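Using the sequences provided together with the hints, build the complete structure.
Chains as they are written, first to last, in the working numbering: chain A, 1 to 793; chain B, 1 to 793.
Simulated from the structure, these hints should not be mistaken for laboratory data. Predicted model only: the values in this text are computed from it and were never measured. Just so you know, not all the hints are guaranteed correct.
What the hints assert, rightly or not - Here are the computed lysine-lysine pairs in the DSS-like style, where the Cα-Cα straight-line distance is at most 25 Å:
#1 Lys645(A) <-> Lys604(A)
#2 Lys604(B) <-> Lys507(A)
#3 Lys259(B) <-> Lys133(B)
#4 Lys632(A) <-> Lys645(A)
#5 Lys645(A) <-> Lys157(A)
#6 Lys604(A) <-> Lys507(B)
To be verified - Partial pick of chain A residues on the chain B-facing surface, computed with a CB cut under 7 Å:
#7 Thr299
#8 Pro319
#9 Ser447
#10 Asn456
#11 Thr466
#12 Trp557
#13 Ser623
#14 Thr715
Beta carbons: idealized from backbone N, C-alpha and C, even for Gly.
2 protein chains.
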Amino acid sequence: MASFAKSWIAISASAVFLWFAFLASAPFLRHVDSYLDFLASTREIPEITPFQAPYKNVWADLNQQEADALLEFLFESPELNLTEASNATSRDNTLMQLGVLQPNKTDILCYLNGSAGVPERWAHVVVAQGVTKDACIVNYMLGPLPPNALTEIRPLKYIFNSGRNHVTNPVPNQEDLLMWIIGELQGVSDITQKILGTDVFASPDGLDIRTGAAYIGNGTFATWVQFYRQDSSSDAGWLLPQGLYFKLQTVTRDPANWKMSQWYYNGLVYDSAAELREALKRPGFLLNPLNLNGPWTDTEDFREGPPGRELPPPTMIQPSGPRFKIDHQQNFISWMGFEFFISTSQERGLSLHNIKFDGDTVIFEVGLQEALAHYAGDDPAQGALAFMDTLGNMGIYMRNLVPGYDCPAYATYLSASYHNGGASITRKNSICVFEYAADHALRRHTSDEHVSISRNTYLVVRSVSTMGNYDFTIEYIFYLDGTIEVKLRASGFIWAAFHTPTSESAKRNEYGYRVHEALATSMHDHVLNFKADLDVAGTSNTFVRVGIEPATVEYPWDEETTTPRNTMHLVEHAVEKEAGINWPANSGEMYIVMNDNSTNSWGKKRGYRITPGTGMGTPSHLSILNSTALRKSAEWAYKDLWLVKQKDTEPRSAEPLNYYVPRDPLVDFGKFVDDEEVVDEDLVIYFNLGSHHIPHSGDIPNTLMHTSASSVMFTPFNFHDRDASRRRVQGVKLEFGDEGTQARYFGGRHLEGVHLKAVSRPTDLEPDLLEYDTERQLGRNMSWIYNLIPRGN
Amino acid sequence: MASFAKSWIAISASAVFLWFAFLASAPFLRHVDSYLDFLASTREIPEITPFQAPYKNVWADLNQQEADALLEFLFESPELNLTEASNATSRDNTLMQLGVLQPNKTDILCYLNGSAGVPERWAHVVVAQGVTKDACIVNYMLGPLPPNALTEIRPLKYIFNSGRNHVTNPVPNQEDLLMWIIGELQGVSDITQKILGTDVFASPDGLDIRTGAAYIGNGTFATWVQFYRQDSSSDAGWLLPQGLYFKLQTVTRDPANWKMSQWYYNGLVYDSAAELREALKRPGFLLNPLNLNGPWTDTEDFREGPPGRELPPPTMIQPSGPRFKIDHQQNFISWMGFEFFISTSQERGLSLHNIKFDGDTVIFEVGLQEALAHYAGDDPAQGALAFMDTLGNMGIYMRNLVPGYDCPAYATYLSASYHNGGASITRKNSICVFEYAADHALRRHTSDEHVSISRNTYLVVRSVSTMGNYDFTIEYIFYLDGTIEVKLRASGFIWAAFHTPTSESAKRNEYGYRVHEALATSMHDHVLNFKADLDVAGTSNTFVRVGIEPATVEYPWDEETTTPRNTMHLVEHAVEKEAGINWPANSGEMYIVMNDNSTNSWGKKRGYRITPGTGMGTPSHLSILNSTALRKSAEWAYKDLWLVKQKDTEPRSAEPLNYYVPRDPLVDFGKFVDDEEVVDEDLVIYFNLGSHHIPHSGDIPNTLMHTSASSVMFTPFNFHDRDASRRRVQGVKLEFGDEGTQARYFGGRHLEGVHLKAVSRPTDLEPDLLEYDTERQLGRNMSWIYNLIPRGN
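Okay, structure coming up:
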């Protein structure tokens, strides 16, 4: 059984997305949880100056005390009839997830404006219900907390526009299913031995099985399962599909109705293992090359590189400590006029709340809603693959960050705790906060007499969710002028396809490119949906489109042109009803959320512009039209951004359990956009990040992050009277002096040589790099600056 | 006359684009040259290890010896009949510019492949011809160099598809014109006093005049000139338009045919000063508010800012010197497998040549061709404004960079020399080269057993051209995987408009937004054209479009779906003929330059993908259709990128003197794209960077660079067998250990706590930030790492 166990651990760890959700309700939690908490011995951050948030963090997930008390309450509830996970079978009710049910915005606004007290705390409880005939996953709301005489448990429905609080659980008895599959696989070892030269019971170089694509009906479940080579040394198993697939079908919870039905190899479907076995006996049965592991999947290559690799590279340092403040109790951060709260959710990871700049509200909430990866291909695995990663718990898989690599060594690292499957999981150092200096200035100008330059430093709040093969880095960046950026980067292993040499579509690179002996890349769209509840100087806002349009105009002063002038102009109009909107061709429109009732000193409506940021070009939406895999479960994926009216009943565009009910999702985003008026209303923008990812040889072994970024920015637009960064930036203004080296001339004339002298800088403490460099003087208390001495090259 | 002089210096320095070209041929050069060479006392770079380029830099501009010898030769030439600038009038022939005429690519390739010697050196000479009836600007080629018996002077025509080597000089006698205007302005002081409360002769707060928009016919010239408030303390004059304009018209060089004709104020055209004077006497003449200077135009604000402003921010250091090498003689740079040459041109600034990666050719030439700024507005100044900045010499205005602000203090700074107007100008420290560490990793992955992360360091080659009001930062960035990025950022002062309160278009924000009492922004398109002569693994290349398209397909394995599946696929086709191409909607196509005759180990054609990079969204092209201001002088501005066949007769898409002959330009790019076959040919891509710039209050006082970037990237696509960065990157791989702090649990169960230990790193020298942070051990020889100790917050 040792080899069985090994094999099954591999399955449970790798068939991530679909299986994770099952695991959460089963004792297999042990394997999932063994992913936990590294860097456990990291430093404690000393609180030198206590810093306190002005409000309570009403968005915070349940703390340990709340969870402990709640757990006791839950297990005493006859209504829920819960069994401890360690004693439970799939015929019991078990606790899947426990998290905060964030208060309604309406209530929070009353708290923030002082018209009401702190909103009640409620919990969101997810139960795997096994005692009923049809197994379900059921959502409850429970509150107020802490549990007391008034505390009640109610079906949680008001945030699901389906009107339901539950979905059918397509594979409730996962342990049984796993054991059943093991049994079946024993009977087909001869097939895998003949085609792949090994089987799932070999160790350490046997086979795994993985799946991601499921066809879920009412109580039925089907999936094509692919064999993979095991990888005993790293995580390269993702790159080792074997091109042999079988279909698994279950109807009801009764194993008598389960079957391993069809097989697929080399472009052909076989209706049973027996049929494939027969085919194998025929002469001329075509066997494909094997996709075997080797140094090509290694993420490290220690062979000698070009000169310079052996030297330490440049490194960012922070000589005087952070310039931001954190209230660690409330997860409240303040930097250069920005203020905001952080919360974490086990499904969706990090969100930011009540972002203010110089006291003005800008964004009430911004955070990930769902992460879709939609594949295409001509084989049964890639061809039906679509992941929605909140089901795999993107918060829980916000793994510990590595100081000096994921974020600067000097960053402040925050931890987050989650309550899942009856246990608490603390992800130490899973969020980093740091200030960084861009490689370029924020602004500059050289005039006749001066040169003036401002530094571009910015604040980053970052987390990385590793969802099986992929590592999603999600970050929020704050700039000195009031700009806020939301940025996504993807790395990790691609979910690759077996390369079938005889495939016609492989020959024309229809779904990707061959990248190793028997491996092909697999095209896929990443579409990650974010909510941005903008409150630009208040909650009454209007979304304005400003077109940059060609125009032909006759001007009274324009006599020299004999015909009307071809020029351009701005055409402004408010979007009056809820709508899905794409980024414009040729960047030919600005999208600005304006406050009609708040103007700057020059009479212009204060606004924040929403614009593609510093990712690779413009973020994209889903290429596929009316996806068969998704049905109605992710309607937000079809446009770049969406404008809807804020409602307490529509707090999120997506719901993890949608994955199980694609035809009738718990939250159907399509219904959010229903023609309501949105002028001078409380607006919510849902926008997508992501890209069309067509991996090529450069994605082996891992996708690179410098070319995988996508971003949306929120930039102040007529929000202030002038550039707000002037009040918080550092920089220098230098005067052209009249000393220094003479310029070299020719043609017999002399010109004045000039040199620079500093005429101003914001503070005496600022490291005087310039003086040091030009005049060989060191700024005081800046001994570290010695390290700036460049060496020859 | 002192105030006259003051006023005229302001004119010459500020009415930059149009006037600069005039100045280059006149004694006013003194004013232009007073912009020169600061930071003259910067360090010398010690050459520790001599490093030599494998070839001569055949693209290099003329060196001092060449220029000195050439100058002697030129002034002895009876054909050119040159007069020294100091003695010349506009009726003489004077030398405008002297630069290298770069060898034809055909000849360079023979040199690089060893089939021929170093190509001959030739010069490109531009002469302001004043002795003829119609004044002209004339291009000559002169070579071979150094001057000898075989050296000849020929009309330079072969690189101009007009077939001409000259343009009519619309304002040859600029000095006369300036004196004439001064005379005229004396006669209208009463008008400016009444409307603006001062005149051009007041000091220090009098008026300047500036212009940018010209209507140029055959020997005729007209422009609307606007009054500006002088700015005696900084460069804020750009923000001080006064809303009063007059039209200047010249026909022939005879002042008798010159006139100050119409006037414009408050939306009305007056046919003469007298007419405006009469109108002013009428009761009820509406006077606009004045646009006056004040602290609002200051680029520095030293008032107290938010907490933290007083602390030094994070700073990049380079503890062990640069990891790149430079051959300073040949301007040849080598970093991590990349090799390339640099050249500078006085008109176009920096270009890079023969960029190779691991020995393979990638880009033969990349560099700026032209920088267009096209405005729109309803007043006579903004309404006709279109600058093409190479006429103002973007190389010469590559000003000295400020260490620690424009580029890191540790950067290597290079200088460039130009030969203009008979003088040599050296721009010290006008190019910087440095490596930087991104704030994020290049790749990462967390698996069951390991976490592995690679550093993202990159090399930047940067220059800044300050063209009057605007500072254009142009840079070339090299990444460890072979990616090359071309990035533009704009900063400096906007060219703003006077805000006329009664203007209907101002009321509807038709061309911009009011941003101060009497100032409005002015919408404009920046379109900067770059040449990228790609030679992907050789010169025989094909441009392939790969569409990411929705598809409906029936798969044999897809029984569970009862209808054909809605999915997507790739559709690949080569572009067969020269074409202009836009970036696709929804990023729905990849553009890849492939080599049909070179495949990687997996049989895939090696290519480089051309893609929008990390600027703000996707770079844009000109919004205006068939621009009246541009006529045919900038046909490259109408599409995002262009694919043409390389020809020695088409080395550049643009020509500075096009500005003077918009209807019949010297180089008409429109003719480049003439239906030639481009499959398996030597291809050249011309692409545009830039943006639609609709400034708002946040652009006052200066445009910010973090939101003004645009970029195009060239990324390897199936170019190598796997990710090329693996051989040159640094990083760590860490193993999950089984010691460390226990995770905290709830629900009665325990999980294993884990901690990280480093199992590998590329070199012993690598700063072991991780160990330091997690285990409180310092890497050896890394005492500077002490500074990484974070302080509390």
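Status of the hints after comparison with the structure:
1. Straight-line distance between C-alpha atoms of lysine 645(A) and lysine 604(A) comes to about 24 Å, which keeps the hinted pair within the 25 Å bound.
2. For the hint pairing lysine 604(B) with lysine 507(A), the CA-to-CA distance comes to about 10 Å; that is within 25 Å, so the pair holds.
3. Note on lysine 259(B) and lysine 133(B): the hinted pairing holds, with a Cα-Cα distance of about 21 Å set against a maximum of 25 Å.
4. For the proposed pair lysine 632(A) and lysine 645(A), the alpha carbon gap of about 21 Å is at most 25 Å, so the pair holds.
5. A hinted pair counts as satisfied when its Cα atoms are at most 25 Å apart, and lysine 645(A) with lysine 157(A) qualifies at roughly 20 Å.
6. For the given pair, lysine 604(A) sits about 10 Å from lysine 507(B) by alpha-carbon distance, which is consistent with the 25 Å threshold.
7. The beta carbon of threonine 299(A) is positioned within 7 Å of a beta carbon in chain B (closest approach about 5 Å), and the interface hint is therefore held.
8. Given the 7 Å rule on beta carbons, the hint for proline 319(A) holds: about 5 Å separates it from the nearest Cβ of chain B.
9. Given hint, serine 447(A) at the interface with chain B, holds; its Cβ is 3 Å from that chain's nearest Cβ, closer than 7 Å.
10. Of the supplied interface hints, the one on asparagine 456(A) holds, with its beta-carbon coming within about 6 Å of a beta-carbon of chain B, less than 7 Å.
11. Taking 7 Å as the C-beta cut-off, the interface hint given for threonine 466(A) holds, the closest approach to chain B being about 4 Å.
12. The interface hint given for tryptophan 557(A) holds, since its Cβ lies 4 Å from the closest Cβ of chain B, which is under the 7 Å cut-off.
13. Taking 7 Å as the C-beta cut-off, the interface hint given for serine 623(A) holds, the closest approach to chain B being about 4 Å.
14. The interface hint given for threonine 715(A) holds, since its Cβ lies 6 Å from the closest Cβ of chain B, which is under the 7 Å cut-off.
Hint compliance for this structure: every hint is met.
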